[in-house]
Every structure is written in C-alpha cells, then in structure tokens.
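Trainee: Put together the whole structure using the sequences plus the hints.
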Amino acid sequence: MTDGPADAQQIAAELSETPPSSAVSLQMSVDNYLDVIRGVVDLFANKKEMDTIYVTATISSDAIRRVLEALDIDSSRVYFVDCISHIMMGAPAQQDEHTTLVESPTMLENLMLKVEYLIRRSQSKGKLVVIDSINSLAIHNSNWILSEFLHILVSGLRSRDAYTVILSVEEHSTPEISNMVNLVCDHGIRAGKKEA
Amino acid sequence: MPAKSADRERCQTGIEGLDTILYGGIPRANTVLLTGSCGTGKTSLALEFLIHGAIKGENSLFVSVTENSEKLLANIIPYKFFDRGLIKSGRLVFVDLPIMYERLGMSKPELSMEEIDLLVSAVGDLARELGTKRLVVDSITSVCYKLKTSEKIRDFILKLSKTLSDLGCTSILVGEVAAESHAYSSFGVEEAIADGVVLMANMERRGDLLRTLQVIKMRGTMHSRAKYVLDLTPVGVLLVPLLKGGSTA
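Quick mapping for you: the protein sequence lines, in order, are chains Z and V.
With the working numbering as the guide, the letters of the first sequence map in order to residues 10 to 205.
With the working numbering as the guide, the letters of the second sequence map in order to residues 764 to 1012.
Since the hints were derived computationally from the structure, they do not count as laboratory data.
Quick reminder that beta carbons are idealized off the backbone N, C-alpha and C, glycines included.
Heads up, some of the hints might be wrong.
Unchecked claim - What follows is a list of derived Cβ distance ranges for each label pair:
| id | chain 1 | residue 1 | chain 2 | residue 2 | range |
| --- | --- | --- | --- | --- | --- |
| 1 | Z | E26 | V | E772 | 45 to 51 Å |
| 2 | V | G802 | Z | D170 | 33 to 39 Å |
| 3 | Z | S164 | V | E914 | 47 to 53 Å |
| 4 | V | D929 | Z | N191 | 56 to 62 Å |
| 5 | Z | T183 | V | G970 | 21 to 27 Å |
| 6 | V | G970 | Z | H181 | 20 to 26 Å |
| 7 | V | D929 | Z | S85 | 51 to 57 Å |
| 8 | Z | R129 | V | S987 | 19 to 25 Å |
| 9 | Z | S151 | V | T829 | 52 to 58 Å |
| 10 | V | E772 | Z | E180 | 55 to 61 Å |
| 11 | V | E772 | Z | V39 | 55 to 61 Å |
| 12 | Z | R130 | V | G802 | 22 to 28 Å |
| 13 | V | G970 | Z | H107 | 26 to 32 Å |
Mentor: Here is the structure:
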C-alpha cells in the first residue's frame, strides 16, 4: 500500500511497476473516482495499448461510458461486463460489442464466464480487468461466496497474464472486505483520503 | 492444458473446460449419454464436439432426429471457429434420421427387433463408409419413443454402442429429460448402458437460472464430479466451477 493518496499519474505509475498477472487492490475515496478512472484506463491501459475489461456493479456501463467521454478518454479498447443495468431494468434494447450484460451481480459465475469470453476474444497482447467495485458486489453477495469468486477469478486471470485491479471505496469498506481483497492481491494502491 | 491420465487414448472434445474435467478428453470409442432438460445447451455442446473433431481431421457425423439439419445449422450459435467448408469437404456430415426411416421402410410408430437391427446396421454402415470418428445422435430419446419397451431400448443402445465402438468412433447420444426430473434419462435404461453420463441442467439459485454441467460417470478415466456453470458463446462452450458458497443443493 502506498504511503499517501495517489493521483491519476501516480496510480498509472504504480500500476506500471507491477508485472503482468498482478492483482492490485485500489482503495479510493468516493471523491477520487475520476482520478482512478483516468489513471487506470487512460494513463495505464490505453497508454500500454491494452484492452480493458471493465466489470461494473456500481453504475451502469452507459454512465461510465459518459464519464469516459467527459474526461476525453478513448473507450475503443474498453469492454464492459455490466452487472447492474439488468436489475435496474435499464438494459439497452440493443447490445453492442463493447457491452456484455450479466443479469444480476449475484450471478458471479456468469460474470466470470463473460470475462473469460472477452479475454479469449481480445486480440491485444496485454489485458486489464477492472472490478468496480468489490463493495457493490458485497451488497448482493455474501462474503463467503465473494471470497471464493475473487480467488477463482484472480487465479484464472493470473494464468492468462492479465492484470486485475479491484476497486474498493474507502467509505464503504469493512475489515472483512479489506481482508478478502488483500488475500488475493499482491499490490495495494490508495487514492484519496489518507487514514487518520 | 488439460491434465492427462496415462491410460486410454483420448478423444479431445476441444471444449477446454470439459477436457480438463475429463483429464484429457473422452476415452476414445466411448459412448456418452449427454442428458438434460430443454435449453441447457446439449445440442450446442454436441455440435461443438463434432466441429472440433472435423477441424482436427476426424470425420464427424451428426444424426439429427428431431430437427431438420438445415434448420439446426441456421439456429446454432455462430461459432467463430465454424467453417462451412467442413461440410463441403465431407468432414462434417449431417443426416436426418426420419429420412433414413423412410428409406428403410420404417413407417410404423413402433420398431420391431428386426427393424432395430436394421437401423443399427444402417447407422453403422454409414459411419463405416464415411470413416466416422465422432458421432452424435440428437436425440436418442426420440429414437427410444419408437422402441417403446425397456428391452428394445437396451438392445438398441447396446448394439449401437458396440457397433460404433468397434469402429473406433466416439459417440454422444443426446438424451432429454423433463425439467423437474431427477433422473438421467426418460426411460431409465440409457445411462446404465452408456460408458459415460454428462448431465446438463438449469439450476435455480435465489431466482437466478444457471446452466450447469456435471460428469456423472465416464468409464476409462478419472474425472471431476463437481458441478460447473457454463455459457454458450461464439468462441464455444465456456465453463467455470459452480461457487459452493451459493449452492442450494
């Protein structure tokens, strides 16, 4: 874990220091979400010409796409696994090849399968999988199943030399969630408020 | 890479997850009952097994009982690895069983013992003629409806299985069971004769419906008996372990 809060540049720099197949815990404050997006997707993945598989369980893929547009970030290499639009009854009528829907964030196996599918489909040499966020997944799943999910997902991604970045929101985290993430991650970055 | 077990020669299904579950693939010349209720992905999986075989140069035969071959092809997931050239070259052949019935003069609703022998011979001759190394019958249940009795069903599957096995042909017999059924087959005979049983199901968990796959038995190899969740995708059938934390069974 870094000593102090990291901004977008720092996040990208720290991620760049980790080898492929790393799993990184990125703890952030709610206020730093945009820095995190810029650092992870733009300054890290896009700069390295990696495909990003962005698993969204917090806000819809449409909303994140709008955030990327507002930040002027190229989203052509970003592929969403959207676990939230269906249960919000807001799934788009037409699917595009950049968005794969999972009916519910409780369908963790299907989430893994969609990630696996996108990994296989990806032509890029490096791949990044972002889980946004572990706190949102924890709303819908017990810690037990979530732990098991993280373990299987991260192990699978390691074997495919893909980076995994697990986002957690400082304000919503519990010691159980932090332990769960720390168990599977080998690096930690904090963006945002420094703990007192 | 799937783990290998140093015993019988394997017929790799080409479905990575399944080959891993089977420690390298189906033991060559086995007859496997692929069973499950509707909408569980049986036909897609069976077809993928044949396509991978054809790509590897093994002649593959799909015997369609319930659906017209053209309709089947049109409806099947557009697999990225599927090439219509496999059909043109004869590596992948589709045969409609109702047409065979017609040519063999089997118009009655129930087949006699002699007609069963004739049908097995006809399928065997076709497989021999085509040099078939992989064969799928979809579905065996529909054939069994024409046999009526357990004795005839047992006799038919035993003879078919032996004929294909003698040809070195690895076969998948697709079976259908009712959604609420806990049995492996409609007639209770098929699973006892088959060398392997692969069960596909829809599993409900807290309102979510998951497609699952479980290898119940497979003669000639060690295998996982765990339940896996699958997805049918354009790159083929993908499998991940069922998360135990959420299992209701």
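Trainee: Does the Cβ-Cβ separation between E26/Z and E772/V fall within 45 to 51 Å?
Mentor: holds (48 Å)
Trainee: Starting from the range 19 to 25 Å, see whether the pair R129/Z and S987/V falls in it by beta-carbon distance.
Mentor: Once the Cβ atoms are compared, 21 Å apart, the range 19 to 25 Å for S987/V and R129/Z holds.
Trainee: Take the C-beta atom of G970/V and the C-beta atom of H107/Z, compute their distance, and say whether it sits inside 26 to 32 Å.
Mentor: holds (28 Å)
Trainee: Kindly confirm whether 52 to 58 Å is satisfied by the beta carbon distance between S151/Z and T829/V.
Mentor: violated (41 Å)
Trainee: A range of 33 to 39 Å was offered for this pair. Does it hold for the Cβ distance of G802/V and D170/Z?
Mentor: holds (35 Å)
Trainee: Given the hint of 22 to 28 Å, check if R130/Z and G802/V actually sit that far apart at their C-beta atoms.
Mentor: holds (24 Å)
Trainee: Holds or violated: 51 to 57 Å for the Cβ distance of D929/V and S85/Z?
Mentor: Holds, at about 55 Å.
Trainee: Evaluate the given range 56 to 62 Å for the C-beta pair formed by D929/V and N191/Z.
Mentor: With a Cβ separation near 58 Å, D929/V and N191/Z satisfy 56 to 62 Å, so the hint holds.
Trainee: Does the hinted range 55 to 61 Å hold for E772/V and E180/Z at CB?
Mentor: At roughly 59 Å between Cβ atoms, E180/Z and E772/V fall inside 55 to 61 Å, so the hint holds.
Trainee: With 47 to 53 Å as the target window, see if S164/Z and E914/V comply at their CB atoms.
Mentor: holds (50 Å)
Trainee: Please check whether G970/V and H181/Z have a Cβ separation lying inside 20 to 26 Å.
Mentor: holds (25 Å)
Trainee: Using the C-beta atoms of E772/V and V39/Z, is the stated range 55 to 61 Å upheld?
Mentor: holds (59 Å)
When each numbered hint is compared with the structure, a violation occurs for hint 9 only.
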